[in-house]
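These protein sequences, in sequence, are chains A and B. Final position of the first sequence in this note's numbering is 262; the numbers increase by one with none missing. Final position of the second sequence in this note's numbering is 994; the numbers increase by one with none missing.
Keep in mind the hints are simulated off the structure, nothing from the lab. Any given hint could turn out to be false.
As the list claims (entries may be wrong) - Straight-line alpha carbon distances no greater than 30 Å define the calculated DSBU-like cross-link-like pairs of lysine-lysine that follow: (1) Lys-826(B) x Lys-618(B); (2) Lys-701(B) x Lys-248(A); (3) Lys-91(A) x Lys-618(B).
Said to hold, decoys possible - For each label pair, taking beta carbons as the anchor points, the in silico distance ranges come out as: (4) Ala-262(A) x Pro-571(B): 44 to 54 Å; (5) Lys-261(A) x Pro-596(B): 49 to 59 Å; (6) Ser-638(B) x Pro-90(A): 52 to 62 Å; (7) Lys-793(B) x Val-226(A): 19 to 29 Å; (8) Ala-262(A) x Lys-619(B): 35 to 45 Å.
To be verified - Sample of chain A residues lacking proximity to chain B, with all beta carbon distances greater than 12 Å (derived): (9) Leu-8; (10) Asn-9; (11) Tyr-15; (12) Met-88; (13) Asn-127; (14) Gln-166; (15) Asn-200; (16) Ala-212; (17) Thr-216; (18) Gly-237.
Don't be surprised by glycine CBs; every beta carbon is placed ideally from N, CA and C.
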Amino acid sequence: MTKNTKLNSADPGYQYQSGMTRRDSLKLLAALAASTMLPLLAGCEKPAGNAAPAVPATAAKTGEHWPDLKLTPVGNKGYGKDPNLIMPPKSPWPLTMTAAQLTLLAIVADILIPRDGQVPAASEVNVPAVVDEWISAPYERQQQDRPVILAALTWLDDEATMRYQAIFAKLTPAQRLTIIDDIAYNNEQTPQQFKRIANAFSHLRGLVVAAFFATPEGTKDIGYVGNVPIAGDYPGPTPEAYAHLDKVLAELGLSAFAYKA
Amino acid sequence: MSNFEAEVLVVGSGAGGAMAAYELTKAGRKVLLLEAGRDYDPKAETPMFKRNGEAPLMGAGNSDKDFGFYDATVDGGWQVPDEPYTSAENSEFLWWRARMLGGRTNHWGRYSLRFSEHDFKGKSRDGLGADWPFEYNDIAPWYDKTEALVGVCGTNTGLDDMPPSPEGVLQPPPLPRIPELFVAAAAKKLGIPTAPMHRAVLTRPLDSRAACFYATPCGHGCSIGAAFQTTTSLIPMAKATGNLQVLTNAMVKSVDVDDKGNVVGLSYIDKKTATEHKLTAKVVILAASACESARLLLNSKSAKHPNGLANSSGQVGKNIMDSTGANFGAMVPALQGRPIYNEDGHTANHLFIPWWGHQAQAKKELKFPRGYHFELGGRFSEPGASIDTSLQGYGKDLKKQVKNKYGAYVHFALRGEMVPNEHCYMDIDPSVKDKWGIPVPRFHWKWSEHELNQVEHGLQTAKAILTEMGATVGELPTPEQAILKGGQIIHEVGTTRMGASPKDSVTNQWGQTWDCPNLFVMDGGVFASNPHKNCTLTIMTLAMRNSAWLAEQLAAGSLMKGAV
């Protein structure tokens, strides 16, 4: 359990290690225990490791392919209908992602949300651990998300292997981006062979983004300043906020209809 | 229980039951309050200032905690373990319960709008449903007292839909926020008013309760008592009289009668020991929630009451009404990138859109008979588990999209009045029982054209306002797609409705059952109609008025003379 501090997620050979800022060590221990023993329990017959993809490698642009994951339900119990809300459960259910999956997820999460000056990258605030908790949860929505997220991760390794004969984590940052650029824009121009992965990637991105902004660092980054006690009356909008509204109302021809108490 | 002889048994500790207990104990009556759920102390148990990121799944809702991890509801939600309910074929109805002291008042939205004379006399106006057996003027003084006791912020607007409170009753409302002010201007251009919402949230201290400090969603509960819930107000106040005893984990099974069919008490299951017990008293008050109280009556069959207790009219379980619900929203480009400030406020509507169509309905210009209001959403809320799959790209550009969208989405939640219909009712499932051996309700449900036409109007109105705001609004869903399920707004009422005649109602105007003079209903079951304005304030107001009347009858010894 030595912490690798030299490599960041852009470097080949990087391994994701859950930091200890967001949750305490109990959770990390649970994650490690789960990641060393759970590939079989999770029923993932095709680990997101070094297994060769079923489809043979072609040119840099590959055809459509999709991993055939045989997942069994997580079989965990939820936290029940009367959890302690003051001290939320730290490790509400066993985590199911492998170390390799978490490392891949951390690399992708940091492509999505890289370090930005003083604002940390996604992996630095434990976004992979939150995603792991999410897809390991026994509830309906999360169990619908689980095959989507795991398939997206496995697809990235398959695609990397087809293009570069190495899993995604072993690619150079530039190689990684050639793949991400093909799947990160989900619109009418998305090539047919990438439509399915672009959809799955949109889901993964949404989850990573939510997990990032729900951290203290992310919440500060987005600018949320509430949930602090205010003495006296609610102060209402700032002068800047009122001025902006006045401008908007003027532009839309609504100034004459401005609200008066 | 030793040395405490209750004169009145109250079933349920939510809005109706706690108010009944408060009013009766204040009048010197000994009350035993039974609650099917566990004891609950908001001072110790409310997750104040907690962040979504500290909760499992970023606080997201799931089948254990339907409204999110921090929602105050204990042992409840759309499903309660070991306590099922069923829906008839082609019906879907959702039944929310909370198994905790204070019931659903621990998490409710606190919207507290008075019904008006217009609301009480719908049938006289359009021939649909039922009138209430009193005038607005009869109940107005009780609204005054309830608002003063509960603590409601808001203003007198002079609008048709909002009867005024006397000077000094309402507390000042918080200032409106930018998205609300924007909606207000766009709506006004279309001739649609906006007004400060009335909410049971203190903006000034009251009794031992503090004023709101504008942090932590009210649905989590409120440890300082600013957001009204019976566990920080009516129940401790009633206990302080020395006349109240509370029995938690007591699941009432039936109301008991003697050989002559007179109500003598009730039977309950102590959930801790799974044993059945009997209690006797002069008076039984049911305030277990509309559907739970109707279930109790229908399950209390005897030789003298073969169709269930207090059911000579056959109306018990009939006439269930929920509020209609539909949600519609859009990204408003003009709000993108606007200056950020603390928009939590009291964490719900500061402004809303009250029903404005009274005159149009009178002139028969609308295709639906009853009104609705809009609750307005959209602000700089705390980040959590809302997953946006429409984002594109990665890196700096991705973050820019997220920040641009933040606080720029405006949302309309329609809440409308439904007309009771013969397809919406509950009966007792002939084969399913809960863990305690109590037969469970079976729900029957179908919206009528009145509700669908109303929702269609609402969708078009929301689109028109959003369009004035410069938003691009796509194709509207059909009303069938947009209308939420029966029960989903959690305003289910009407199952034991009050009326002017024992032929077509279950209770008189005092909530006293026509058939059994010492049996009362004081929850939403007594509603003769379900105006769009959220039921809790009126449940509390009726419970206060009717308990005061009951106390007078007990003092005069005139209760058993029969219903009047």
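Going down the list of hints, with the structure as the test:
no.: 1; hint: Lys-826(B) x Lys-618(B); result: 39 Å, violated
no.: 2; hint: Lys-701(B) x Lys-248(A); result: 61 Å, violated
no.: 3; hint: Lys-91(A) x Lys-618(B); result: 49 Å, violated
no.: 4; hint: Ala-262(A) x Pro-571(B): 44 to 54 Å; result: 28 Å, violated
no.: 5; hint: Lys-261(A) x Pro-596(B): 49 to 59 Å; result: 24 Å, violated
no.: 6; hint: Ser-638(B) x Pro-90(A): 52 to 62 Å; result: 33 Å, violated
no.: 7; hint: Lys-793(B) x Val-226(A): 19 to 29 Å; result: 48 Å, violated
no.: 8; hint: Ala-262(A) x Lys-619(B): 35 to 45 Å; result: 18 Å, violated
no.: 9; hint: Leu-8; result: 20 Å, holds
no.: 10; hint: Asn-9; result: 15 Å, holds
no.: 11; hint: Tyr-15; result: 17 Å, holds
no.: 12; hint: Met-88; result: 9 Å, violated
no.: 13; hint: Asn-127; result: 10 Å, violated
no.: 14; hint: Gln-166; result: 24 Å, holds
no.: 15; hint: Asn-200; result: 8 Å, violated
no.: 16; hint: Ala-212; result: 7 Å, violated
no.: 17; hint: Thr-216; result: 5 Å, violated
no.: 18; hint: Gly-237; result: 3 Å, violated
Checked against the numbered hints above, the structure violates hints 1, 2, 3, 4, 5, 6, 7, 8, 12, 13, 15, 16, 17 and 18; every other hint is satisfied.
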